[in-house]
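With the hints as extra help, turn the sequences into a complete structure.
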Amino acid sequence: MSIPLSPPPVAHRETHPLRRLAMAAWLRQSLQQVLPPLLGILLFLFLWALLAARSEGLPGPLVTGQAALELFADPFYDNGPNDMGIGWNILHSLGRVGAGFGLAALVGIPLGFAIGRFAFLARMLAPIISLLRPVSPLVWLPIGLLVFEAAGPASIWVIFISAIWPIILNTAAGVASVPQDYLNVARVLKLSEYKVLTRILFPAVLPHLMTGIRLAIGVAWLVIVAAEMLTGGIGLGFWVWDEWNNLNVAHILIAIVIVGLVGLALEQSLLLLARRFDYHS
Amino acid sequence: MDKFVELTRVGKHFETRKGRFVALREVNLDIARGEFVSLIGHSGCGKSTVLNLIAGLLEPSEGGLICNGREIDGPGPERAVVFQNHSLLPWMTCLGNVQLAVDKVFASRSKAERRERSEAALRMVGLDHALHKYPSEISGGMKQRVGIARALVMEPKVLLMDEPFGALDALTRAHLQDELLRIVGQTRSTVVMVTHDVDEAVLLSDRIVMMSNGPAATVGDILTVELPRPRERLALANDPLYHQYRGAVLEFLYQRQRRPAA
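Same order as they appear, the protein sequences are chains A and B.
One point on numbering: in the UniProt record's numbering, the residue at position 50 of the first sequence is 50, and numbering is uninterrupted.
One point on numbering: in the UniProt record's numbering, the residue at position 158 of the second sequence is 158, and numbering is uninterrupted.
Note that these hints are calculated values from the structure, not bench results.
What you are looking at is a predicted structure, and each value in this text was computed from that prediction instead of being measured.
Cβ coordinates follow ideal geometry from the N, Cα and C atoms, glycine included.
What follows is a set of in silico ranges between Cβ atoms, one per label pair, in the way DEER data are often shown:
id : chain 1 : residue 1 : chain 2 : residue 2 : range
1  : B       : 110       : A       : 263       : 49 to 55 Å
2  : B       : 59        : A       : 273       : 39 to 45 Å
3  : B       : 44        : A       : 263       : 50 to 56 Å
4  : A       : 121       : B       : 26        : 36 to 42 Å
Shown next, in the form of structure tokens:
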């Protein structure tokens, strides 16, 4: 009996089903990833279409999509202050959020550090913070209008006041929860207050701080649309109100999606940033 | 005996919500230069409190502490501490953690020399391969080595160790004890170590300070360990003297200071 020297081609045939199996598993996995959200969106669109077909004023998904295509064909036109492209409106809203939020960070972070580090200050400010924190940010709008006598600064002021609480409170909680061991290391080394701040407190607090910032920007983005509706001018909120006055409901629906998407993008980018700064102890 | 570290009638109490808690009373202890002293006792006997008092992290309620002819008032790098749970800063590499100490204590030296000191300290504890690793990337034993390197690099007058190997497994602990024996033999450091491990105390110490149970704990007895140095773990295992010391500590802990049923 002779034994063939070359290996039988069985081995080749064996890899095929295996690879096919792996392919199938991959396909199944990605399908499991993609299918449920896709199904959710389709269901939503279907219900929307159903609702729109039975209602008089509410445009359906197709009409809205058409309007969105037209809208985004030229997002940056400028026909005077009351008629600007959607891109400008988004940018103006983002600008106000950025300014108000930036100011809140500028004031809130050092204040949070001070409150966390000095118990006296914490007890001094506790009643004020507890009282003011639950107040709806929009209540501050008239105060802003009174003080600044202009809509733009007033809405930035509202953003500032709504964003500052999560920043202060999370920073302070972070400072207060820095492990005593780390501070003992600093004490044994006799580190200067500056070194303690930069080498120990700040890195230890950073994850808490990022949480505060994330919450703050979320609140800020929620509030800006409402504030702009009241103040007018230019911005997403004003745009929504304007389209309501024009009875252009499709545009209002588009605005809802835009606000959602921009909020999501802000949140996700900050989460990414937070992960970058997170250390694992 | 020259008194390098001197505790005179030291007492410490804490004010708690339930009133005053007396942790220590009438603690008298003299430690000579280059001596290795262990504090042993049941948990809650205030041995860590004694260590923290010497470190200056706590202030005594009564009595006084003197180190090298000066009263201890607050912590400082001349009394370096190896903390129980290593206390490395997680956002710095091993080298960074050691460098933080070097940059403070040897601020006047050149950058290159400071760097060399840090690397040498990590080399001494056998971690030259992990300079740029973060604490989360290394094992518990390695973390504790970095903690020891960070303390030793300050060239402290007294090295204070608070159950430095308590959280480690038995094999790693034995290994680090051997290394500590070698390092202390080299540097001739004065060491005060808190431990609850009888073998560890006998193996490493010149004297073992046995503390009575708290509250109001104090020095119960002091055992002088006259085993010749350098000491070898394996050789000691069959040394009758070693077992005699071991027996004496055990007798103190489990007969004279039997822990009330917890």
